[in-house]
Amino acid sequence: MIARAAAITLVLLINHLTLEAQTSSTRPHDSTWVAPAGATAKSNPLATRADAAAGGRKLFAQRCASCHRDDGRGSEKAPDLTQPDVQMQSDGALFWKISSGNTRRGMPTFSFLPEPQRWQLVMHLRELGPIDARGRKTAANNQCTAHNSQHFALRRGWPPEAHSRFKRQRRAGLHWRARQDLNLRPPA
Amino acid sequence: MFAIRLVALVVCVTFAVPALAQERAYFVTYDHYLEEPGNLEIAVATTTGVPKSNRASYTAPWLELEYGFTGWWTGELYLEGVTTRGDGNGFTGWRFENRFRPLKSEHRINPVLYVEYESLNEASRIQKEIVGAGGLPFEPIDELREEHAHELEAKLILSSAAGVWNVAENIIVERNLSEDEGVEWGYSVGASRPLGTIASGRECHVCRENFIIGVEAYGGLGSTEAFDRQNQRHYVAPVIGWHITGRSTFKASTAFGLTERSDRYLLRFGFAYELPVRGVR
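Sequence order for the protein chains is A and B. The numbers in this note's numbering rise by one with no breaks, and the one at position 60 of the first sequence is 52. Convert by adding 55 to the 1-based position in the second sequence; the result is the number in this note's numbering.
Please keep in mind that the hints were generated in silico from the structure rather than gathered at the bench.
With a straight-line Cα cutoff of 30 angstroms, these simulated DSS-like cross-link-like pairs (lysine-lysine) come out:
id, chain 1, residue 1, chain 2, residue 2
1, A, LYS50, A, LYS34
2, B, LYS159, A, LYS50
3, A, LYS34, B, LYS159
Computed from a predicted model, the values in this text were never measured in an experiment.
For reference, chain A alone in the conformation it holds in the complex (with noise of 0.2 angstroms):
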């Protein structure tokens, strides 16, 4: 009896572990897909929010990873995440995204989700960024997230220098002063 319980483990695990390495092929991305124009203008609410991307991390980690993996490069059910396509659309793209879903190629709708859940999920998405082959982020996720900021700032009315002041301090590491002088100075 016992022999018989150990030889089904045993098969279980190979299975297991078959499908597990069957998982290195990733879903390719559905260009047909496409936010409409409304949704891709609207900006995160929580940019500002330094706090909230943890929570996105956490929430990441509950409703995604089974699909897209922890560190979202996707897998034979889910696209990678990483890609610089999906880095590029706009926040409101990204949330349209997940709050629809896309249920005739498996992306489940999470509109039961709060919409600052929504919104701290595309926090963590462009934590996530293009990463090479050692794991790494690459330059394309840095020009990536300096459009981004870039956007932020003038979506906000923020004066240009304060753009580039922004960057000059992410150069120099002083992501969070940037941030704080942003948050200080009022609207143009």
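Got chain A sorted already, so can you dock chain B onto it with the hints?
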């Protein structure tokens, strides 16, 4: 044999990928969220009825196996029973339901089509939906179990996400294939919301974001043969759901009977566990 099954279960649970259950708080009302493709949800629940007259109270447990075949199709199998104080207990039948989501993405109102086949006997008490008119039969359980019925049920589920709220309406039609009772009608409506709107960064079990509260109302609306308002059963029920862990949800509700034919209370408890398995399309 038991040892083999236990080992297999432990292996499946151990190697399953974490995923958070998106179990709804309602017991009767359906919303438009289907099971995630490839996920199997195993749920146990009970309905305990306290009748208005001096009749014995009853408890009807059921087991629910829900599987997401695709992003737009979820199937569910129910096995149900009943136990009555001083009147024995027994198996009351099974149901197989399918839910189809015709639209690809989210809309202001999201329709879902529901089709169910039921093979039940008259002792069934779980009251997953209430249709038609008339109270529950209170003959001895053994006698009621002799009377079988094959029923076909359809629902139009309309559900919306409005801010943090979910609002859902179900229109129910049921046809008894064993006897000519006409087509019976029923309804259920519900509204629910999570208690917390922003997710905290720390892992927590008893925090606001893990709780859902709401209310649902359901009842029968007669049949094509008679509206029979006097004999209809209607209930209103506050509901609460708690995502205990990433995969498990507990929910509870107390339904208050609103009409003469309704039971005084229906106490419902449920526990669901979500298990990702393979076979995703």
